[in-house]
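Keeping their order, the protein sequence lines are chains A and B. Residue numbers for the first sequence follow our numbering, so the first one is 1 and each next one is one higher. Residue numbers for the second sequence follow our numbering, so the first one is 112 and each next one is one higher.
Derived by calculation from the structure, the hints in this document are not laboratory data. From a predicted model like this one, the values you see are computed outputs, not experimental measurements. Glycine included, every Cβ here is placed at the ideal spot set by N, Cα and C. Any given hint could be a false lead.
What follows is a set of in silico ranges between Cβ atoms, one per label pair, in the way DEER data are often shown [what the hints assert, rightly or not]: (1) B:S184 / A:S7: 35 to 45 angstroms; (2) B:N188 / A:V44: 25 to 35 angstroms; (3) B:L150 / A:T62: 24 to 34 angstroms; (4) A:G40 / B:Q128: 31 to 41 angstroms; (5) A:V44 / B:P181: 24 to 34 angstroms; (6) A:T51 / B:E165: 29 to 39 angstroms; (7) B:Q128 / A:E38: 26 to 36 angstroms; (8) B:I123 / A:E15: 30 to 40 angstroms; (9) B:K124 / A:E41: 13 to 23 angstroms.
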Amino acid sequence: TQLLEQSPQFLSIQEGENLTVYCNSSSVFSSLQWYRQEPGEGPVLLVTVVTGGEVKKLKRLTFQFGDARKDSSLHITAAQPGDTGLYLCAGSSGSARQLTFGSGTQLTVLP
Amino acid sequence: DAGVTQSPTHLIKTRGQQVTLRCSPISGHKSVSWYQQVLGQGPQFIFQYYEKEERGRGNFPDRFSARQFPNYSSELNVNALLLGDSALYLCASSFVGEGYEQYFGPGTRLTVT
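With the rest of the complex left out, here is chain B (with noise of 0.2 angstroms):
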């Protein structure tokens, strides 16, 4: 079975501008959650996403956002890209049930210039 993908893999991006990051789960979990990751640092939570409702929001501004299709993909939009949003964004995916375990995908490198 495929794993998580992400698209696209790296992007560039100008001050201002409005990115959309794409996630495809694994087949069968129908939970996805968004991280960012700072170069140096660990993966920050942004979003969990279950049966296309909003499970978790961590702390980041409003120009970021979510949404899970009824395949259980989802898209993250950030609006008004900030220097400081460079960044790997990392998407997970988990079977909500014992565990709760969360696999990554490769990523989206997003670099705002």
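If we strip away everything but chain A, and leave its shape as in the complex, we get (with noise of 0.2 angstroms):
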């Protein structure tokens, strides 16, 4: 069974500050998306990343693939009030690409 586990679980910063969060695993995946969801809501698509190695941009969002395919970073620089809410890594494999879920990062940005 392929597990990702996220961490922190729950992170409460400041507007300015600067995060970082984490997605590990022992499995190689094809790829990684991160996504951010909203209470009530379906998960919004933020990046996939395919190639080991790989850094792609979002405004203030960094993420970072892993040399191995097998972890993940999401990097937040100057943080907003906007940013809150729950951030999950997924990491995709098998010939359905089904996607294994970590259990989430829960981001408070406050003003």
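The two chains are supplied separately, each in an independent frame; assemble them into the complex guided by the hints.
Below, the structure is given as structure tokens:
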């Protein structure tokens, strides 16, 4: 069974601070996706990383895929209250490309 | 273009009853996946369908079943509901090709009493 562990589980920071969320596994994934989810809504895709060592930037968000394609990180610079939400990483594998999700990081950015 | 749509939005059922949830994928997407998200956890994979055939199944009991129609919409059925089936049920569609990126609907909140 493939597992993805996310850390930290909860994170509360002040507006303007930087933060990093980690996603680790002992399994290799074909690709890894990061989602953000608001309460009562479905996850919204932020980025997909495919190549080991790949780094993608989306405004103040930087995503990195580990060289061995087993881990990933999400770094947010100068966090804003609008960044508040549940951040989920999900690894894609198998012929069905099913997603294995981490348990999520609940981020709260205080004004 | 419209995103993934799901119906109903909320549903309350009693233990032992049966429920059917519906999903319409993004136009042009032929693959639909179902996930269960229990409060405080990440979504768990239930099924994937592509071109009306089951392509993957997660670790869920046989009480869970699904199907995909010629227009690529899908239904998830759950029989003999248990309290533990209370969750947000998410549908995701994808264009089977490079990336296999999955786009989620808003979900159906099922409460079993």
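Original post:
Does 24 to 34 angstroms hold as the CB distance between B:L150 and A:T62, or does it fail?
Top reply: 30 angstroms, holds
Original post:
Is the gap between the beta carbons of A:G40 and B:Q128 within 31 to 41 angstroms?
Top reply: Violated: the Cβ-Cβ distance is about 23 angstroms, outside 31 to 41 angstroms.
Original post:
Is the hinted range of 24 to 34 angstroms satisfied by the C-beta distance from A:V44 to B:P181?
Top reply: With a Cβ separation near 29 angstroms, A:V44 and B:P181 satisfy 24 to 34 angstroms, so the hint holds.
Original post:
Has the hinted range 29 to 39 angstroms been met by the Cβ atoms of A:T51 and B:E165?
Top reply: Given about 30 angstroms between the Cβ atoms, the range holds.
Original post:
Is it true that B:K124 and A:E41 lie within 13 to 23 angstroms of each other by Cβ?
Top reply: Given a distance of about 22 angstroms, which is inside 13 to 23 angstroms, the answer is holds.
Original post:
So does B:Q128 sit 26 to 36 angstroms from A:E38, Cβ to Cβ?
Top reply: For B:Q128 and A:E38 the Cβ distance comes to about 29 angstroms; the hint holds.
Original post:
Is the gap between the beta carbons of B:I123 and A:E15 within 30 to 40 angstroms?
Top reply: 39 angstroms, holds
Subject >> Whether the CB-CB distance between B:S184 and A:S7 falls inside 35 to 45 angstroms >> reply: 38 angstroms, holds
Subject >> Cβ distance range 25 to 35 angstroms for B:N188 and A:V44, holds or violated >> reply: 27 angstroms, holds
The structure does not agree with numbered hint 4 stated previously, though it agrees with all others.
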